[in-house]
Structure formats: C-alpha cells, structure tokens
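As given, the protein sequences belong to chains A and B, one line each in that order.
Under the working numbering, the residues of the first sequence are numbered 1 to 278, in order.
Under the working numbering, the residues of the second sequence are numbered 1 to 112, in order.
Among the clues, some could well be false.
[Claimed, not checked] If you want the ones that stay clear, here's a sample from chain A, every Cβ over 12 Å from chain B, calculated:
| no. | residue |
| --- | --- |
| 1 | Val45 |
| 2 | Glu129 |
| 3 | Asn131 |
| 4 | Trp226 |
[To be verified] Derived Cβ-Cβ restraints for the label pairs, each shown as a range:
| no. | chain 1 | residue 1 | chain 2 | residue 2 | range |
| --- | --- | --- | --- | --- | --- |
| 5 | B | Ser20 | A | Ala142 | 53 to 61 Å |
| 6 | A | Val45 | B | Asn53 | 33 to 41 Å |
| 7 | A | Ala94 | B | Gln49 | 50 to 58 Å |
| 8 | B | Met84 | A | Val45 | 20 to 28 Å |
| 9 | B | Lys35 | A | Asp42 | 49 to 57 Å |
| 10 | B | Val59 | A | Ala61 | 30 to 38 Å |
[To be verified] Which stretches of chain B does chain A cover? Using the computed rule of at least three CB atoms under 8 Å from a CB of chain A, they are:
| no. | region |
| --- | --- |
| 11 | 44-53 |
| 12 | 74-87 |
| 13 | 91-97 |
None of these hints come from the bench; they were simulated from the model.
Heads up, the beta-carbon is just placed ideally off N, CA and C, and yes, glycines get one too.
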Amino acid sequence: MKKIISHVAFGLLGLSVSAAAVAGPAEDRAAFQKFYENRFPDTPVSDFQNGVYSILPSARAQWEEIEEFPPYELAIERGEEIYNKTFANGKSLASCFGDDGAVRSQYPNWDKERGMVVTMELAINECLEANGEKPLKYKKGAMADVSAFMSYNSRGQMVNVEIPSDDPRALAAYENGKEHFYTKRGQLNFACADCHMYTAGNLYRADTTSPAFGHATSWPVFRSKWQAMGTLHRRFAGCHNNIRANPYKAQGEEYRNLEYFVTYMSNDLEFNGPAARK
Amino acid sequence: MKGQLLTAILASALIAPLASADSVAEGKSIAWDRKKGNCLTCHMFEGGQQTGNVGPPMVAMKARFPEREALVEYIKDPTKRNPMTAMPPFGRNLILTEAEINKVVDYLYTLN
Chain A
1 MKKIISHVAF GLLGLSVSAA AVAGPAEDRA AFQKFYENRF PDTPVSDFQN GVYSILPSAR
61 AQWEEIEEFP PYELAIERGE EIYNKTFANG KSLASCFGDD GAVRSQYPNW DKERGMVVTM
121 ELAINECLEA NGEKPLKYKK GAMADVSAFM SYNSRGQMVN VEIPSDDPRA LAAYENGKEH
181 FYTKRGQLNF ACADCHMYTA GNLYRADTTS PAFGHATSWP VFRSKWQAMG TLHRRFAGCH
241 NNIRANPYKA QGEEYRNLEY FVTYMSNDLE FNGPAARK
Chain B
1 MKGQLLTAIL ASALIAPLAS ADSVAEGKSI AWDRKKGNCL TCHMFEGGQQ TGNVGPPMVA
61 MKARFPEREA LVEYIKDPTK RNPMTAMPPF GRNLILTEAE INKVVDYLYT LN
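Please model the entire structure based on the sequences and the hints provided.
So, in structure tokens, the structure goes:
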C-alpha cells in the first residue's frame with residue numbers, strides 16, 4: 001500500500017513538473033489570475049469583472065448609483081432596433097445570431113477554417129455583408145449599440161475562450177496577443193501590463209488604473225469621458241494614443257489577437273456588458 | 001552612513017554650479033507641463049494638485065542622487081537601471097531635450 005502511495009505521489013510530481021516545464025495558456029492564466037488575487041486580496045475573484053470599481057471602494061457607491069439608471073440604456077434600445085431591422089433580402093441580424101442575440105460567450109473564438117480570431121463585432125459585420133448590407137464602423141455608434149444589445153441579452157454567460165490545442169495557429173494568435181500585452185511601446189514606453197498589471201490600482205494623477213483581469217467582460221461601455229458608447233477596440237486605440245503609440249486598426253489582426261489573449265485571461269468570470277465606466 | 005551622506009550632499013553643493021533662478025523656474029514649468037515632463041502624473045510634488053503615486057515622491061532629490069549626472073542619465077533612460085520601470089525614457093525617446101532635462105534637474109535639486 002505504502003508503495004502504491006509513493007508511486008502515485010511520484011507520478012503526480014512528475015506530471016506537475018512537466019506541466020510547469022511547458023507553460024501554455026492554462027498555466028499563464030493561472031499565474032495571471034493569481035497575480036491579481038495577491039495584489040488585491042480584498043477583492044472577491046468574481047468581482048474583477050467590475051473593472052476599477054472592484055478595487056476602488058471609494059468610487060464604487062457612485063458607480064452603483066450610475067448603474068441604477070444606466071447611461072447605456074438608450075444604446076441597448078437603439079441596438080435592438082438595428083438588430084431586428086429587416087435587410088433588403090428579408091433577413092436580419094437575428095437570422096445570424098438568433099432571436100435575442102445572446103451569443104456573447106461564443107466570442108472571441110478561433111476560426112479554424114480561416115485561421116483567425118473572430119470577435120463578436122467582426123461576426124456582426126460579416127453577417128451584414130453576407131446579406132448584402134453595409135458594414136458598420138467598429139469603434140462607436142451603431143456597432144456599439146448592436147453589441148450593447150447582444151451583450152445585455154448575454155449577461156451572466158461565463159467567459160470561456162478556447163485555444164484549441166489541435167491548431168498551432170491558434171496558439172500563435174494567443175502568443176501574439178500575449179506579447180502585445182507585455183511589450184512596451186509608444187514614445188512613453190508603456191506596455192498594457194505596466195498600467196494594468198504591475199501598477200494596477202496606483203494613481204496616475206487622479207485616475208486609478210484598472211486590473212487587466214476582468215478587462216474584457218463588460219464591453220461595450222458607456223464611458224463618462226466619451227459621453228458615449230465605445231467598443232473594446234476603441235479603448236485599445238485610446239490607450240495607444242495615451243502612450244503616444246500608433247493605434248492599430250480596429251478589428252485588425254493585432255487587436256483581435258489582443259482581445260483573444262485578454263478575454264482568455266478572464267475565463268471563468270461572467271460577461272456583464274454593457275457597463276458604465278469613467 | 002549618515003555622515004557620509006551629509007558629506008556627499010555638502011560636497012555636491014560645493015562642486016555643482018548653482019542653478020540660476022530662471023532655469024529652476026523653467027525646469028518646474030517643464031516638469032509640471034502635461035505636454036512636457038508631466039511628472040505629476042506619477043510623482044508627488046509639494047504644491048501639486050492630484051499628483052500620482054506610481055513613482056516615489058519628489059523629495060530629498062539631492063540626497064537620493066548626490067551625483068547630478070546620475071540623475072540626468074536616469075531621466076534620459078531609466079530603463080537602463082530597471083528595464084521594467086513604468087517611467088518613460090525622456091531623453092532616449094525625445095520627449096524632452098537635453099537642455100530641458102537639465103533644467104528639470106535644476107528644479108528637482110531644489111526639492112527637499
């Protein structure tokens with residue numbers, strides 16, 4: 001019996017050593033989430049989906065008041081109209097995404113046929129174009145409205161991004177997004193990780209930087225600074241402008257891969273968009 | 001140690017040429033200008049409003065950097081000492097000119 005136990009223990013040990021030796025997305029994610037749990041021990045893990053408010057009790061009450069009469073409510077209504085509008089060919093967005101569009105947790109996903117990451121916004125435009133309709137602009141306006149409607153109907157779905165292990169290109173896309181996240185860029189030489197990981201929770205002037213764990217769950221958002229709705233890729237571009245880097249194209253490969261990485265890092269949180277943010 | 005530090009401070013005060021009041025004032029305005037140094041985003045400065053806390057407060061600068069050139073070099077490219085730092089490389093990335101950095105240092109040296 002003793003022998004069996006020691007064999008089992010040895011086997012487990014061997015397994016854990018080899019897993020650590022070939023760190024992949026799963027190990028990355030465990031370490032990533034652990035980092036934020038250690039940095040913000042007072043924040044329940046499930047609360048990271050609330051962005052900066054998960055770590056900033058002083059701003060939370062005001063934010064909760066805003067969420068009672070949410071500034072994104074009109075966007076959801078406008079989005080619903082667009083969603084149900086009949087195309088020239090008699091179909092509608094509902095023909096692609098179902099009656100309520102509650103498909104948020106299906107994105108971003110890896111499209112094996114095309115070898116690329118597909119986001120919800122990209123899928124919306126592909127549906128429009130496949131039906132002979134004009135595509136929407138990706139950062140704000142009608143796209144943010146439709147996305148708000150679909151996200152609203154998807155609230156509570158778990159983030160469950162998959163990096164299929166049977167396609168090395170999927171891992172490459174993930175690694176590309178990961179590299180982007182940790183690479184310093186722009187004249188001011190900031191990586192996403194500088195503000196949203198290593199100094200998350202610190203004050204830059206009067207602004208507390210939010211934890212990247214949970215960043216991808218709540219989009220699109222009504223941002224007070226914009227006084228309007230915006231998509232995740234609008235925010236990516238805004239961050240790049242802030243650090244004096246050239247923004248990439250919304251829904252181009254670079255930002256889709258970054259979304260793939262940051263959303264995967266938030267696996268097991270809930271999709272809770274749209275949301276109000278500073 | 002304290003004695004050594006004091007000696008270093010006194011020595012640097014004797015050796016370093018005194019910065020003109022003009023260059024201290026210009027250095028302050030460069031440091032505080034959001035389009036120039038924008039230092040208050042991350043550092044506490046006495047008298048500054050809504051200063052950040054990403055970097056250390058700007059106090060006792062002469063004690064912390066007894067050698068002027070070390071402070072100039074640090075501002076030019078802090079990643080040389082710490083590749084992970086969030087502080088921008090003001091000289092290397094041409095955010096400030098060499099002359100501007102020197103004026104900022106004149107100002108920093110007045111902060112006790």
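Exercise. Looking back at the hints listed earlier, which ones does the structure fail to meet?
Worked result: The structure breaks hints 6 and 9; every other hint is satisfied.
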